[in-house]
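Dock chain B against the given chain A, drawing on the hints supplied.
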Amino acid sequence: MIYFDNSATTQVLPEVLQTYQTVSEKIWGNPSSLHNFGESAWHLLEQSRAQIASLLGVLPSEILFTSGGTEGDNWVVKGTAIEKRSFGKHLITTAVEHPAIHNSMEQLEQLGFDVTYLPVDENGRISVEDLKAALRADTILVSVMAVNNEIGTIQPLKEVAEVLKDYPKVHYHIDAVQGIGKGIQSLIFNGRVDFVTFSGHKFHAPRGMGFIYKKQGRKIAPLLTGGGQERNLRSGTENLPAIAAMAKALRVLLDKEAQSIKVERQIKQTILHHIEQFENVTIFSKDSALFAPHILCFAIEGVRGETIVHAFEQHGIYISTTSACSSKKHLASSTLTAMGVPEAVSTSAVRVSLGDQNTFEEAAEFNDVFDTLYQEFKKIM
Amino acid sequence: MQYSEIMVRYGELSTKGKNRKSFIDRLGSNVRKVLHDLPEVKIQANRDRLHVSLNGADSDQVVDRLKLVFGIQNFSPSVKVDRTFEATAEMAAQMVKEQLGTTKTFKVNTRRSDHQFPIDTNEMNTRLGEYLLEAFPELSVDVHQPDLVVRVEIRANGIFLSSQTIQGAGGLPVGTSGKGMLMLSGGIDSPVAGYLGMKRGVSMEMVHFFSPPYTSEQALAKAQELTGKLARYSGTIQFLQVPFTEIQETVKEKVPEGYLMTVQRRMMLRLTAALALKRHGLAIFNGESLGQVASQTMESMLAINDVTTLPILRPVVSLDKTEIIKIAEDIDTYQLSILPFEDCCTIFAPPSPKTKPNLERARVYESRLDVEGLMQRALDGVKIVEVHAGEEFLNQEADAFAELL
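Chains as they are written, first to last, in my numbering: chain A, 1 to 381; chain B, 1 to 405.
Since the hints were made in silico from the structure, they are not lab data.
We put the beta carbon where it would ideally sit given N, CA and C, even for glycine.
Don't take every hint at face value.
As the list claims (entries may be wrong) - Restricting the straight-line Cα-Cα distance to at most 27 angstroms, the calculated cross-link-like pairs of lysine-lysine (BS3-like) are: (1) A:Lys78 <-> A:Lys26; (2) A:Lys89 <-> A:Lys158; (3) B:Lys326 <-> A:Lys215; (4) A:Lys219 <-> A:Lys165; (5) A:Lys169 <-> A:Lys132; (6) B:Lys326 <-> A:Lys169; (7) B:Lys104 <-> A:Lys165; (8) B:Lys97 <-> A:Lys158; (9) B:Lys42 <-> B:Lys199; (10) B:Lys179 <-> A:Lys219; (11) B:Lys252 <-> B:Lys21; (12) B:Lys179 <-> A:Lys215; (13) A:Lys165 <-> B:Lys326; (14) A:Lys132 <-> A:Lys215; (15) B:Lys326 <-> A:Lys219; (16) B:Lys67 <-> A:Lys215; (17) B:Lys97 <-> B:Lys67; (18) A:Lys158 <-> B:Lys104; (19) B:Lys383 <-> B:Lys278; (20) B:Lys33 <-> B:Lys21.
What the hints assert, rightly or not - Simulated restraints, written as ranges between beta carbons of each label pair: (21) A:Ser24 <-> B:Lys97: 47 to 57 angstroms; (22) A:Glu306 <-> B:Ile338: 51 to 61 angstroms; (23) A:Gly191 <-> B:Lys42: 31 to 41 angstroms.
What the hints assert, rightly or not - If you want the footprint, here are the derived chain A segments under chain B, 3+ residues with CB under 8 angstroms: (24) 35-41; (25) 242-248.
Isolated chain B (complex conformation):
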């Protein structure tokens, strides 16, 4: 079926009182961002609905992208017809016919926003219902739990029909909750934490620590590709790569083995906090889940958290590993995350890190370092890359390979 527009219903934001306008504006601009390469598509974000006029664009492609936009409750592809009963009935019959296989009962649901139109809501429901019953004698009407709802919207510029309601991603439009910094390693947990943060309206920037030659270019490309996966939910994401080699080498040299990891994580958190300050981030996100590994006990969190007063949000803190993996599979980051490249967290992992580090001792060991100097040099070396939705970094030869295949 050639759809003319997609009607989008807002999620939670309908309840948000006076913030409503900024929420709607943000959602409108996020939808525009994910559809930016389809110039024929026009977007109009109204108070109660958002309308995506397709103007000939492929509706399947638009539907696939809208499914990822947070702040959308659900949406319906619809067809515009002339403002006559005959045109409406003809299109409604065509829609019903396409879904006959799964349909036994139906109802007609009319909304008349243009009160100039001569047929009122009830009359349209009754007349169209009768028409469809006559056309499809095998169907019956069920107003309570119909298999199929034929929605008719009578507007000043035409009558819009739809029969499908597609679930949206829910959540809040990305950006409405402010900016957060995600500590992205490349493992399974941190992308999931990023996704969950974005779902609650956070505009996320990625902070990735890399330590050449201990970590490979591939590990960096993997983190960037993960960013590309997450960017499908927001259009683009800023990827901040922080050089970490000098800090890791110095920590390794000066700090006892049991506290390597604690001090290293304190340095990472300090750097992330500094970047948040500079770039107007309001909070730090990470993929810590309580009790999974040595760095993720509450004692460890206490000893590491010490370096900043910024909120550290841990969306997966109480999830089991299997629950995290389930989400990672749903958002298509799992297969990437399990690629076996050493990252900055694993490369210098001591055989037996302290699972219950002591805060005071962590501070003492850290005082052996030139924290200021190390931080400054790392911050001076930060590189920022803008990553686009679905962008790939690992397979540099994808286009050449496509020729072969």
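Next up, chain A with everything else stripped away, as it sits in the complex:
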């Protein structure tokens, strides 16, 4: 099997699973319990938090655990809206966000909030001029993704930070679910960002675990109230085995980050430069620094995305239509639509997303299979 769908999810690493199992077996006390068995769990919780913080160069108190990317995005958007509703009811985001942001924004619109969706250019990037024009006195949040999950565009996070330096009260949120371990930490932790969303299962940690960064001093309303865990901001007994496993997965990820992105970029180039020679192929994820190293989105005009995915699957190669979330709904890619790509092309788009376990041999095999399939597709083009 060749797994080229790493933006959908990743395989839990054996050593990460080992941590999960050891913690489940041995350190299963409740971190809130007073006795020393619970105390021990609490220490592991805080040690995990401290490790994640130190890997990212932030304070331990700035890391808050969640159930994953969707919760993190929902929390920052809705928690900001609740916390700051008396200061303003205007939020800004982009037209190409993940549904966890987009649908949260729509929910807020139904509650009377006003949302501006920034348009994107042919590369899927927003412009800071549009952002400047959209900012108002009652703007409370600007939410921008780090790396687009469908085509891999890296948003101008530093430029947004520069603009927002003049708006110190506006919360600046970055959805970095696809951006961690891809060599852009300095763009994400850019000195102005207030909130960042992360999801564990995108970097070989178990499902159902993630965290947000919340800059010290910034306020956000909790969505989950209860026993007061996570500084009274996110209640619920801590999922300690998954937290410890994620702390480990993050260390492993960042330890080999430089090497991984080099290989991922080269694999992407190998495939990109091969398939771009074919007449009906349109490449959306260019080979440039504007795009993440691990995502390659392309369309074969005249062939539907599902058809391409299933054809590759017959050869043991797993790719996806543009995002796992939209793939079963038979919808055209929302990112490509926002970029102005005609529906005839966008319904033919598929995504190859790479991980640190992928190899050049797999890229070569992909290219061979591509040649075979392209000949077959010619019959229906």
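Relative to the frame of chain A, chain B by itself:
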């Protein structure tokens, strides 16, 4: 940049006349203490400067530790080059290049302690300035408020260049003001009081009262870990744990509820004074801030202070709680202090202690106790632990957890 030495400038002690030598010696030994695990580092405490020769040690690590040593005004990591103009100019250009982003103007500041060297101060300033202007045409010279100062020290053993000045912790070297006993509970205030005392040169010993089973091992570990935080400012601290269970139980049994706290605090102060006497302490420090809680009214201080003639110093007496918390956060004790373990002050706290206790009545109630006997038994049970800088006590499994993570 690979630095060869760090040049340390003294703080207030420069003004201290004939005490100067003992201040410098003390600072030298304190610096040695915080760098003791780096054998390659050599320290030379001269009359006007202290020189830390790195000999390959990681300068970032040394810088981080020096920032915590009281008695240092500021310091500059510097690079040693051969005693030629060419070597000096080359290194100066490299230093300027590293800081080009934030620099528009600069000046050269030369000090020539070796007058045998053929280029004098003015000539070095001019020639090096010209050299740098030529190398970096985008820069200009500003002798009054430059963005960057390139410091050149011409000494007999080489020329030392530096371009950064890092703020030190200020204050007086720990130990130059004598020894004090800090009553350390585990709350927010007492570690801050200890820190402020140490900043004024006091060598502090911690006195912690613990009352098993009413207080937990965790509360004790927390106090010890707080001590480890404070020890970063002095290298090591003696931690004196005083058993307090019998006294607390007896006071609870024999003293009316309104005076429980007053009499209990009188006993603590007596014990601390006795320990100070035995260990040559000159004063007692505590974290009392006026009017915060019942024990901290002036009436209460009067009724408690009665048991000793030793000075009781209260560095945070006039600070607001928010000001104390700010310092606690700066010295990284706050998060520890707020861990919710019962300590000896909270465990028997009555619902309504007297906020204005009467001294005479406190004396009368106390006379119901066998003060001498209680004191003796507590003092006999004192345990002393030497706590090192940054030592941790709460998380006993940190190493095992690190393997998992």
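Do the hints match the structure? See the list:
no.: 1; hint: A:Lys78 <-> A:Lys26; in the structure: violated, 37 angstroms
no.: 2; hint: A:Lys89 <-> A:Lys158; in the structure: holds, 25 angstroms
no.: 3; hint: B:Lys326 <-> A:Lys215; in the structure: holds, 17 angstroms
no.: 4; hint: A:Lys219 <-> A:Lys165; in the structure: holds, 18 angstroms
no.: 5; hint: A:Lys169 <-> A:Lys132; in the structure: holds, 15 angstroms
no.: 6; hint: B:Lys326 <-> A:Lys169; in the structure: holds, 22 angstroms
no.: 7; hint: B:Lys104 <-> A:Lys165; in the structure: holds, 23 angstroms
no.: 8; hint: B:Lys97 <-> A:Lys158; in the structure: holds, 24 angstroms
no.: 9; hint: B:Lys42 <-> B:Lys199; in the structure: holds, 25 angstroms
no.: 10; hint: B:Lys179 <-> A:Lys219; in the structure: violated, 44 angstroms
no.: 11; hint: B:Lys252 <-> B:Lys21; in the structure: violated, 52 angstroms
no.: 12; hint: B:Lys179 <-> A:Lys215; in the structure: violated, 41 angstroms
no.: 13; hint: A:Lys165 <-> B:Lys326; in the structure: holds, 25 angstroms
no.: 14; hint: A:Lys132 <-> A:Lys215; in the structure: holds, 23 angstroms
no.: 15; hint: B:Lys326 <-> A:Lys219; in the structure: holds, 18 angstroms
no.: 16; hint: B:Lys67 <-> A:Lys215; in the structure: holds, 25 angstroms
no.: 17; hint: B:Lys97 <-> B:Lys67; in the structure: holds, 26 angstroms
no.: 18; hint: A:Lys158 <-> B:Lys104; in the structure: holds, 23 angstroms
no.: 19; hint: B:Lys383 <-> B:Lys278; in the structure: holds, 14 angstroms
no.: 20; hint: B:Lys33 <-> B:Lys21; in the structure: holds, 18 angstroms
no.: 21; hint: A:Ser24 <-> B:Lys97: 47 to 57 angstroms; in the structure: holds, 53 angstroms
no.: 22; hint: A:Glu306 <-> B:Ile338: 51 to 61 angstroms; in the structure: holds, 55 angstroms
no.: 23; hint: A:Gly191 <-> B:Lys42: 31 to 41 angstroms; in the structure: holds, 38 angstroms
no.: 24; hint: 35-41; in the structure: holds (count 3)
no.: 25; hint: 242-248; in the structure: holds (count 3)
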